[in-house]
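**Q** In order, the protein sequence lines correspond to chains A and B. With the working numbering applied, the first sequence covers 1 to 237. With the working numbering applied, the second sequence covers 1 to 272.
These are calculated hints, taken from the structure and not from any lab test. Don't take each hint at face value.
[What the hints assert, rightly or not] Which chain A residues face chain B? A few, computed with CB under 10 Å, are given here: (1) Trp23; (2) Ala101; (3) His103; (4) Leu105; (5) Thr193.
Since the structure is predicted, the reported quantities are computational estimates derived from the model, not experimental observations. Built from N, CA and C at the ideal position, the CB exists for glycine as well.
Each chain, letter by letter, is given below.
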Amino acid sequence: MSDLLAGLVEGIRLLLSGNAEVWSIAWLSLRVSLGATMVALVLGVPVGAVLAHRRTAHGDLPPGTARTLALGAVHAGMGLPPVVAGLIVSMLLWRNGPLGALHLLYTPLAMAIAQAAIATPIVAGLTAAALNGLDPGYRLQLRSMGAGPLRETWLLLREARVGMLAAVVAGFGAVISEVGAAMMVGGNIKGQTRVLTTATVLEVNRGQFEMAVALSVVLLALVYGVTLVLTIAQGRR
Amino acid sequence: MPSTAQEATPRAAGEVILATTTSTADTGLIDALAPLFLEKTGLTLKPVAVGSGAALELGERGEADVLLVHSPAAEEEFMAGGFGGDRRTVMFNDFLIVGPEADPAKVGEAATAASAMAAIAAAEAPFVSRGDDSGTHALEKKLWKAAAIEPVGAWYTESGSGMADTLRIASEKQAYTVTDRGTWLSMGDVVELPMLHEGDAMLRNVYHVITINPANGKEIDTAGAEAFRDFILDPATQAFIGDFGVEEFGQALFTPCADGRCAALATPVAGS
């Protein structure tokens, strides 16, 4: 218990004192995971929009078999274990692997790629859910007002912004907190690919529990800060 | 010097991938050496900390340029298979048998490491093995073999984890385990397992640096690997290793012994 308290105090002290190493680790965590979330949004939102059931005022159109299978795959992908994503990405990026010529393994970019693979199904699945949760009449109304398909999707996404915020937060939360892929693809290299979660694992392995708790506090503060900004931004629209 | 002409020109990237063991990472040694290597050579070290078994596997696949490992029998096999270029001793530390203060198996009274292991098995006292093909796991298996014991039963469990995790598990269960001294020291008070047996010649843990045969895969940075080898064998680096940990733990974690200067100390290597 005293370790936990000491860690909390140390964590707050690290946050406030501007410890250069902790800040650079936190900054890298933020950059990698925000980057991965951006990629997941770019890839996942269109996929989710396509997979959302087309609804009319007269009821649901029967979802096609292909669409059902694809949505099932997306839902399964929402539970993709980070370590599996890490394994696949690292084998692709091995220098004797298919994408070895890019020399990306053990770089922050490789970590962002693996994390994007984790977050994309989450964003896609929650986007589809958010769109499906809208009043079916709204789409019809938009159409009757003469909105084209792209404009229609954009307005639907805006209408579903509460659900979309959940998609962004869930995607970001999943990747900033994962350790399996970051460890495997990044290698936890000091000053290069060490992020908050992998640094925490290292400190636990070294028996430095106080420092491990401190890093966890920094991680939680970071997650809280980012989600708070997103929540405020959503509320303003 | 067996270093050969540099036919394979290194990529301009200036990054050397070192596959090494969890013990060098968990003790903080590798993190301390990386900036020195950069300063000295201008090359960036990319250390990947895995068990010795996995490190050798990465080397065999050409996914690393150089190895720093401690699993003599597996290393010999690796060299015999033609996967390695140059292999040199770097440093050693030693293994310990640690266990519960009460020492129900009377390991503290055993004359040799093998008889200590036999005593644990005879008492069926809980024992936690790494079970991960690491160098420490290989040494543990060698000790069981020397004691002519096949460890099976409810008393024998495998953690499948690194040394630090295994020590914590053993401490929680108040079980015996075999550990390298460096990781055990670095865990400090967290682990309530006093050292019960040390000093047997079989418990010496020798680390070798191995450069990778460029034929193992594309783009192996032989020049970078040789630069790391020369760096870690350099007298200044060796002195740094000899001092490492003194400040934090009150004793050195590794004893440097480059280029056969510890040949007399080193465990005779099994196999060819």
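**Q** So, for every hint listed, does it hold in this structure?
**A** Right, here's what the structure says about each hint:
Look at Trp23 (chain A): its Cβ only gets to about 18 Å from chain B, farther than 10 Å, so that hint breaks. Because the beta carbon of Ala101 (chain A) sits about 9 Å from the nearest beta carbon in chain B, less than 10 Å, this interface hint is met. Taking 10 Å as the C-beta contact cut-off toward chain B, the hint placing His103 (chain A) at the interface holds, the least distance being around 6 Å. Proximity of Leu105 (chain A) to chain B holds as hinted, the smallest CB-CB distance being about 8 Å (cut-off 10 Å).
Below 10 Å, beta-carbon pairs count as interface contacts, and Thr193 (chain A) has one with chain B at about 9 Å; its hint therefore holds.
Comparing the model with each earlier hint shows a violation of hint 1 alone; every other hint is respected.
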